[in-house]
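Participant: Now for the letters of each chain:
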Amino acid sequence: MVIIPATTGQMGVLPGHVATIAELKPGVLSVHDGNDVSKYFVSSGFAFIHANSFADIVAVEAVPLDQIDASQVQKGLAEFNQKLSSASTDLEKAEAQIGVDVHSALNFALSG
Amino acid sequence: GNRELVLFYSQIGVDVKKNVIVTISSDKGLCQDEQGYVQVGFCLLISKVCSDLNSGPDKEIKYVILGEKAKAQLIRDSRKDIELSITDLQKNPLNYTQVSVLADDILKNVEFDALRIIFNKFQSVVSFLPTMATILSPEVIEREAESGGKPGDLDSYEVEGGETKAEVLQNLSEFQFSCVMFNAVLEHACSEQGARMSAMDSSSRNAGDMLDRLTLTYNRTRQAAITTELIEIISGASALTG
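Residue numbers (full-length UniProt numbering), protein chains in the order written: chain F, 1 to 112; chain X, 1 to 242.
By construction, these hints were calculated from the structure, which means they are not laboratory data. Among the hints, erroneous ones may be present.
[As the list claims (entries may be wrong)] Straight-line C-alpha distance at most 30 Å; calculated DSSO-like pairs for lysine-lysine:
#1 Lys-25/F x Lys-39/F
#2 Lys-108/X x Lys-25/F
#3 Lys-91/X x Lys-59/X
#4 Lys-39/F x Lys-62/X
#5 Lys-59/X x Lys-80/X
#6 Lys-17/X x Lys-108/X
#7 Lys-75/F x Lys-25/F
#8 Lys-28/X x Lys-165/X
#9 Lys-17/X x Lys-91/X
#10 Lys-25/F x Lys-28/X
#11 Lys-28/X x Lys-17/X
#12 Lys-91/X x Lys-71/X
#13 Lys-108/X x Lys-83/F
#14 Lys-121/X x Lys-165/X
#15 Lys-165/X x Lys-93/F
#16 Lys-93/F x Lys-80/X
#17 Lys-80/X x Lys-62/X
#18 Lys-165/X x Lys-91/X
[To be verified] What follows is a list of derived Cβ distance ranges for each label pair:
#19 Glu-79/F x Tyr-96/X: 44 to 54 Å
#20 Asn-95/X x Val-37/F: 45 to 55 Å
#21 Leu-91/F x Tyr-96/X: 13 to 23 Å
#22 Thr-87/X x Asp-66/F: 55 to 65 Å
#23 Asp-90/F x Asp-88/X: 47 to 57 Å
#24 Ser-156/X x Ser-43/F: 53 to 63 Å
#25 Ile-82/X x Asn-35/F: 55 to 65 Å
#26 Leu-110/F x Ser-202/X: 24 to 34 Å
[Unchecked claim] If you only want the chain F side, here are some residues facing chain X, beta carbon under 8 Å, derived:
#27 Val-13
#28 Leu-14
#29 Pro-15
#30 Ala-22
#31 Ala-51
#32 Asp-69
All C-beta atoms in this analysis are idealised placements derived from N, C-alpha and C, irrespective of residue type, glycine included.
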């Protein structure tokens, strides 16, 4: 079973799942193989679940959770929050918001 | 499972008005074999594609060029059709971020119904296959899906996320473009390295052969000159004594 971070929320995928194309948001992807669970942080991308019970997950970046540095995450979160409050144009606001979203998701992934 | 590639990949048969050809080529030379294959294969494919795509009214072709070599060749006859040209792509090691910025640029500035990416696909160190990958714009995909063409398979998929299905498909199409570009750029870089390796290898061997031949000629000439001198000396000496 795979749990993917779709934009509509965490989605559990088991064999026989209906064919789906899901857009991903920054979050944790966990692969459950029997009792083994591997967790990855995915920055964004798309997941394709095919009718033949194959799933393809195309992520822009994916990192195993244990390779993420928590202090860097805190630093990044503070930095982007500050950028968000000082942003003037829509583009700057959008970019800062993306930074905040990704770092919050990283933070949540590390704590959860 | 490579089904998503099948979903979108070779839509060559789809008929569209505005084709934009993205050609990927090398910046530096020294990677042609005797027939100049890496470049020739390209031009043959482009001219074939152009004649196929341009047969019909209102059809137009524009170019986006990556790399000096294609620019030099296409600028000769199709200067007015070149929309964007980018060089020095490999100054830094190839990475997805750079290619996604490039893809973003192209998507923002170039109008298209279909993007045809032409590159050399790496098969082995000595063989490369000029390949074309097609990306359709979201409107064309909708149109084709409705008329029951290949993209109609898309309908069998539920679409999660975003406000509307169209929005997700637009995102997907842009993401796909950057992924296919990344793949094309990597394959091309690989082919270029392979071609350069074999070109340099054969020129080293040729230089070695030439060196051997010239060494032999040099030695023979040197020995002939010495022999001539010896003969002159000896005949001179025997003329004096005899």
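Participant: A separate judgement is required for each hint: does it hold in the structure or not?
Facilitator: Okay, the hints, checked on the actual structure:
1. Lys-25/F x Lys-39/F: 15 Å, holds
2. Lys-108/X x Lys-25/F: Holds. Lys-108/X to Lys-25/F sits at ~23 Å (cutoff 30 Å).
3. Lys-91/X x Lys-59/X: 36 Å, violated
4. Lys-39/F x Lys-62/X: 45 Å, violated
5. Lys-59/X x Lys-80/X: Status holds; Cα separation ~15 Å.
6. Lys-17/X x Lys-108/X: With a Cα-Cα distance of about 19 Å, the restraint between Lys-17/X and Lys-108/X holds, given a limit of 30 Å.
7. Lys-75/F x Lys-25/F: 21 Å, holds
8. Lys-28/X x Lys-165/X: 44 Å, violated
9. Lys-17/X x Lys-91/X: 35 Å, violated
10. Lys-25/F x Lys-28/X: 40 Å, violated
11. Lys-28/X x Lys-17/X: 34 Å, violated
12. Lys-91/X x Lys-71/X: OK: Lys-91/X and Lys-71/X at ~17 Å, within 30 Å.
13. Lys-108/X x Lys-83/F: With Cα atoms ~26 Å apart, Lys-108/X and Lys-83/F stay inside 30 Å; holds.
14. Lys-121/X x Lys-165/X: 33 Å, violated
15. Lys-165/X x Lys-93/F: 26 Å, holds
16. Lys-93/F x Lys-80/X: 38 Å, violated
17. Lys-80/X x Lys-62/X: Roughly 9 Å between the alpha carbons, so the hint for Lys-80/X and Lys-62/X holds.
18. Lys-165/X x Lys-91/X: Outside the cut-off at roughly 39 Å; violated.
19. Glu-79/F x Tyr-96/X: 44 to 54 Å: Violated - the Cβ-Cβ distance for Glu-79/F and Tyr-96/X, about 23 Å, lies outside 44 to 54 Å.
20. Asn-95/X x Val-37/F: 45 to 55 Å: Check failed, 30 Å falls outside 45 to 55 Å.
21. Leu-91/F x Tyr-96/X: 13 to 23 Å: The hint (13 to 23 Å, Cβ to Cβ) holds, given that Leu-91/F and Tyr-96/X are roughly 22 Å apart.
22. Thr-87/X x Asp-66/F: 55 to 65 Å: 41 Å, violated
23. Asp-90/F x Asp-88/X: 47 to 57 Å: Given range 47 to 57 Å: violated, Cβ gap about 32 Å.
24. Ser-156/X x Ser-43/F: 53 to 63 Å: 28 Å, violated
25. Ile-82/X x Asn-35/F: 55 to 65 Å: 58 Å, holds
26. Leu-110/F x Ser-202/X: 24 to 34 Å: With Cβ atoms ~54 Å apart, the hint is violated.
27. Val-13: 11 Å, violated
28. Leu-14: With Cβ-Cβ at 15 Å, over 8 Å, it is violated.
29. Pro-15: Where the cut-off is 8 Å and the nearest Cβ of chain X is about 13 Å from Pro-15/F, the hint is violated.
30. Ala-22: 4 Å, holds
31. Ala-51: 7 Å, holds
32. Asp-69: Interface hint status for Asp-69/F: violated (20 Å vs cutoff 8 Å).
Hints 3, 4, 8, 9, 10, 11, 14, 16, 18, 19, 20, 22, 23, 24, 26, 27, 28, 29, 32 from the earlier list are contradicted by this structure; the remaining hints agree with it.
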